[in-house]
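Take the given structure of chain A and dock chain B to it, following the hints.
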Amino acid sequence: MIDVTIIVNGETRRASVPPETTLLALLRDHFGLTGAKVGCDVGDCGACTVIVDDRPVNACLMLAGQADRRRVLTIEGVATKDKLHPLQKAFEERGALQCGFCGPGIILSAKALLDQNPEPSRHEIRDALAGNLCRCTGYAKLVDAVSDAARAIRSEQLHD
Amino acid sequence: MADEQRVLERERSAVDEAWRGLDENARLPAAAPPKTVPAEPLVPVPGQQIRAVGQRATRPDSRYHGLGQTRYIDDLALPGMLHAKIKRAGIASARIKRIDTSAAESMPGVMAVVIGREFPVNSFGPTFQDQPVLADEVVRHAGDGVAAVAAVTEQIATAALEKIVVDYEPLPAVFDPLDAMREDAPKVHPPKGNICHSLAIRRGDVAKGFAQSDHIFEGRFTSQMVEHVSIEPHAAIAAWDANGRLTVWATIGRITLARADLARTLRLPMNRIRLIGTIVGGNFGGKNEISQEPALALLSKKAGRPVKGVFTRGEEFIASTVRHPFIMDYKTGVTKDGRILARTARLVLDGGAYCSWSETTLGKCCVLAPGPYKIDNVRSEAIVVYTNKTVAGAMRGFGAPQVCFAYESHMDDIATALGIDPLAIRLRNAFEEGSPSPTGQVLQSVVVKETLLKAAERFGWEVRS
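Those protein sequence lines, which keep their order, are chains A and B.
Here our numbering is used: the first residue of the first sequence is 1, the next is one more, and so on.
Here our numbering is used: the first residue of the second sequence is 1, the next is one more, and so on.
Everything labelled a hint here was simulated from the structure, so no lab data went into it.
Because the structure is a prediction, the values reported are computed rather than measured.
Warning: the hint list may mix true and false statements.
Ranges of calculated distance between the beta carbons of each label pair, as one might list FRET restraints [as the list claims (entries may be wrong)]:
1. A:Pro118 - B:Arg220: 50 to 58 Å
2. B:Ala77 - A:Glu20: 28 to 36 Å
3. B:His189 - A:Arg151: 58 to 66 Å
4. A:Asp44 - B:Asp412: 32 to 40 Å
5. B:Glu462 - A:Ala152: 38 to 46 Å
6. B:Cys404 - A:Gly95: 19 to 27 Å
7. A:Ala152 - B:Phe317: 38 to 46 Å
Note that beta-carbon positions come from the ideal geometry of N, C-alpha and C, so glycine has one too.
One chain only, chain B, in its complex shape:
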């Protein structure tokens, strides 16, 4: 047994060595590029896969991370490369009356300026293409870009933004999603109403379930806006070749989708665009779609030079996407002993100014809203609302953490009110093997109760004070 273990370990370390092509203590010269790179791609080998479970593993790329040799976009430079900056509206809702870029264009060192009207198709988005690359007629949130500048240095580009004059006619704005749902609310995308998308899931008969219940509990739970704050800001480089082909290096997780979106905005066949997804310095959902890339491409085309754009930390907060703030109203009917007979959940998602990944988030949170519990009568409704705020998009879990916070808080409230142990009420209602989900999917490999019991044992639930 011990020998077998040793053999396995030896094999494993031999594989590790082969992956890296580097001796344990081998080191590359500090500044020179590596001579030996991991030669073998990480192809799963039968047998090894089984041993991977429960094993400790190291990331082959972490050696370069630790040596400072990993090249993120901002570490790359092309000859003649320009630096781009985007002028942000700074006003939540307004009509653009005039944009004057002439003073910026005549600044020494400024090589190109673009505004929204210059894009062949000035809209993009993973679900609905409702977001302009640069706002041309209407500003819908303060982080909307209105013009972009490419200059020989970042400082000149930043200074040039100050020289761009934009005349705004302020329009009424709406910031609260519940206010935005009123008939008389200012419309973010007129003539369309502010409801971006909605979804409802129904199973059983909630009215009957509530009628049979001994107690009914209601609660409202809210969650706030969250920014991903990847330590690496959004960054991209765009460059055209002499044959009219565009190459974009971008910190984007979904490069095929990004290429399609980019091709659409530039009205360019997709085979003319090479999109290179480089190593990403943190994504968490915030780098799943294009943002400044079409603007960089157009600047590069106008200037005839490669253009790099890197968001400032401030832009990360106002001009990249955030996690949806939720307003969640729960109503649950239970028997005396804490069995759930019916539950309704009504979720209002603050989607911000554009759709982005709202529809995806909506679907997921709607299915998950009732929680991992056997409930025969369920109604789950979710609505995404446009507001004049930072765009909400994808972020780790697509709405799952928000509803989890709500239904578990709600369960605690019910347990406390009924005088039942919070663990016991969960065990009484938790999904089991073969339980149907709210959409009727028969669930398999369900270990909710086992997990709860094991966790309770591990952290000493019984002896808590």
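Here chain A stands alone, though its shape is the one from the complex:
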């Protein structure tokens, strides 16, 4: 067993897990954060995407031990208590979530992009979402939603 300490959504959490435990299993089975999904378990689909120290990561490919002492953001930590993140709002309004299974991963990939690049081109958005598969909505609405959210975040910052 190994001990891991991770700052998940701003909260320090500890667990003692077998060394082969993935970050995904740690989040889902030990911390009860089921927003990151098991789609393929081999890093192909992106449904398990979380943000580790500002970078999007396939949580199924990262061992829990590798995330020790790092900051992890999951979908459960994206909204604040009284406000949706502009990405969540835009995804809802654009109808970019149908079955919703890929949604949390895609929102986090998009968030990692917008945190680095507040004004991405459509090409840059597509590039950032390249590791996330969706089978329901098609990708156009996802790209539209990320564009909308980028615009909303920029205008929020202007008014702050």
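The following block gives chain B in isolation, referenced to the frame of chain A:
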């Protein structure tokens, strides 16, 4: 006018608010369950229905999707729950000589093992019940399950599969549907031949139509196997209560059919089974029937604990259903100016090892095979063939996309050969109001030509290079 519009919009947003019971920016605490849920079900209200057409709408459930609060089956856990894994045959055609599960059963952490013989009725299927829950005597495709294990962790269950010994006597296999139709082909379901089902639709006199034609065109079109690849794999949880009632949570679209099939395999009255269709993370036809559910139910019964089963991505490709590959032979007789006088279509569908939704697919593709064209003399034949491959079942359109690809490609070939504009040849032959379909149904609300013309105008057909 503008005021009226504003009133309508205000009303609409008020309705939206009421549906959700949530303020636009209201948010639920990140981890805690929601305090406010959509209180009103989505009941259509007269008046609103009319305004729904052409309006943008949002899905009320997408808020939870975006917050990561939607609970799919794999997000659920019951106290004491075990994890199940299924051993796949890995061989396309074989007789099972022996299955030894003793080493797996004695592994620490393994709570139950089941094999095909233990099922009261080891067969299921939406049309013909020709598919075993777990193969007991004969393996008919590599994705057939041969044993299932329930253990305290997924890892132990997976490791236990390695300890199960199965002795196979390999049998001849057939993989090509045309080969499978030969007399001397290995039979997938002996003594029955490999033709699972067939259908023919005839209207008019095709021989006469071809005789009157100026030109006859023939073409063969083939389509490949397609997996649905829902991002959520097949998943289910089975649990028994102390009164001998079974509850199954499953990612199944057709829960009533699934319950009947499940009751049959377990020889249990339907009123003893509660089947809960949870939110589905993508179906596309692939989750329209039971798969592992009877095995989970039996494992749960033996172990006395709830059992969850989730397919691996690999199992999704070999052990769930796929779209039928088609071989489509078309023959069309036309006049000099491109009017279709006769058409025959012969479709061979590769159904894989079991029937699943093949019969439904067959009916639909047979009716649609001639295309949306006025043809007086039509013959459409379709045959579903068993092969030792992954089971073909329902997938978006039930065979419609395959024949559409064929008849439209065929139309393009004819147009090119006759030097007619591809749009013009379609307008010349397309269904009109009151046209009869190949089965003689008089069609109403037909806008094929209007749609083609509008589409051509929108994407600039005239100015294409």
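Status of each hint after checking the structure:
1. A:Pro118 - B:Arg220: 50 to 58 Å: At roughly 54 Å between Cβ atoms, Arg220 (chain B) and Pro118 (chain A) fall inside 50 to 58 Å, so the hint holds.
2. B:Ala77 - A:Glu20: 28 to 36 Å: violated (20 Å)
3. B:His189 - A:Arg151: 58 to 66 Å: holds (59 Å)
4. A:Asp44 - B:Asp412: 32 to 40 Å: holds (35 Å)
5. B:Glu462 - A:Ala152: 38 to 46 Å: Holds - the Cβ-Cβ distance for Glu462 (chain B) and Ala152 (chain A), about 40 Å, lies within 38 to 46 Å.
6. B:Cys404 - A:Gly95: 19 to 27 Å: Given a distance of about 26 Å, which is inside 19 to 27 Å, the answer is holds.
7. A:Ala152 - B:Phe317: 38 to 46 Å: Cβ of Ala152 (chain A) to Cβ of Phe317 (chain B): about 39 Å, so the range 38 to 46 Å holds.
Hint 2 alone, counting from the list given before, is not met by this structure.
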